[in-house]
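Per our numbering, residue 1 is the first one in the sequence shown, and the count goes up by one each step.
Heads up, some of the hints might be wrong.
[To be verified] Pairs of lysine-lysine, DSS-like flavour, derived with a Cα cap of 30 Å:
1. K62 with K36
2. K36 with K114
3. K121 with K62
4. K114 with K62
5. K62 with K39
6. K39 with K114
7. K109 with K39
8. K121 with K109
9. K39 with K121
10. K36 with K121
11. K36 with K109
12. K62 with K109
Read the hints as simulated data drawn from the structure, not as lab findings.
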Amino acid sequence: MNDRSPWVLGLFVAMLGASLPVAAHHSFSAIFDSAKPVKVTGTVTRIEWMNPHTWIYVDVTKDDGGAEAWAFELGSPNRLMRYGWNQDSLQTGSVVTITGSRARDGSMKAAADKVTLPDGKQLFGAQETTQ
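Please build the complete structure, drawing on both the sequences and the hints.
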């Protein structure tokens, strides 16, 4: 092994790391449109408490009896806890009403502004909308 080996190995590792995809945090306005409000009532099917955002998945019954699967992005778990949430605030199977801003791409995704629980209590989505 010569004196150049550690340098070459370091360069190889740096180039490999640079070639991996970067998972950048998005700004609110890049993904969601505050001029397109949405309000849905549906059954919670899943909740994902993870960074950088918590997600609530809701099945909404359409007028024709079919279902639409909606996904709502909320703030980080830490931020949600500061807004009064905890992991027991919402259970799968609960019927909730969620208001928010729809995704710009027209998909059934939105940034949640407010979640109204079955008992009428309202929790805020803790989104950073000024990014």
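Measure nothing beyond the straight line between the CA atoms of K62 and K39; if it is 30 Å or shorter, mark the hint as holding.
With Cα atoms ~13 Å apart, K62 and K39 stay inside 30 Å; holds.
Going straight from one Cα to the other, do K121 and K62 come out at no more than 30 Å?
With a Cα-Cα distance of about 25 Å, the restraint between K121 and K62 holds, given a limit of 30 Å.
Keeping to a limit of 30 Å between CA atoms, is the pair of K114 and K62 held or broken?
holds, 21 Å
Taking 30 Å as the top limit, are the C-alpha atoms of K62 and K109 close enough?
This hinted pair holds, its Cα atoms lying about 16 Å apart.
30 Å Cα cutoff - pair K39, K114
Within the cut-off at roughly 9 Å; holds.
Please verify whether K36 and K114 have alpha carbons no more than 30 Å apart.
Holds, at about 15 Å.
When you check the alpha-carbon spacing of K121 and K109, does it fall within 30 Å?
It holds: about 23 Å lies between the C-alpha atoms, which stays within 30 Å.
Regarding the pair K62 and K36, is the alpha-carbon distance no greater than 30 Å?
With Cα atoms ~19 Å apart, K62 and K36 stay inside 30 Å; holds.
Taking only the CA atoms, is the gap from K36 to K121 under or equal to 30 Å?
holds, 24 Å
Restraint status (C-alpha distance of K39 to K121 at most 30 Å)
holds, 16 Å
Does the structure keep K36 and K109 at a Cα separation of 30 Å or less?
Holds - the C-alpha atoms of K109 and K36 are around 12 Å apart, at most 30 Å.
Is it true that the CA of K109 sits at most 30 Å from the CA of K39?
holds, 12 Å
Violated hints for the displayed structure: none, as all numbered hints are satisfied.
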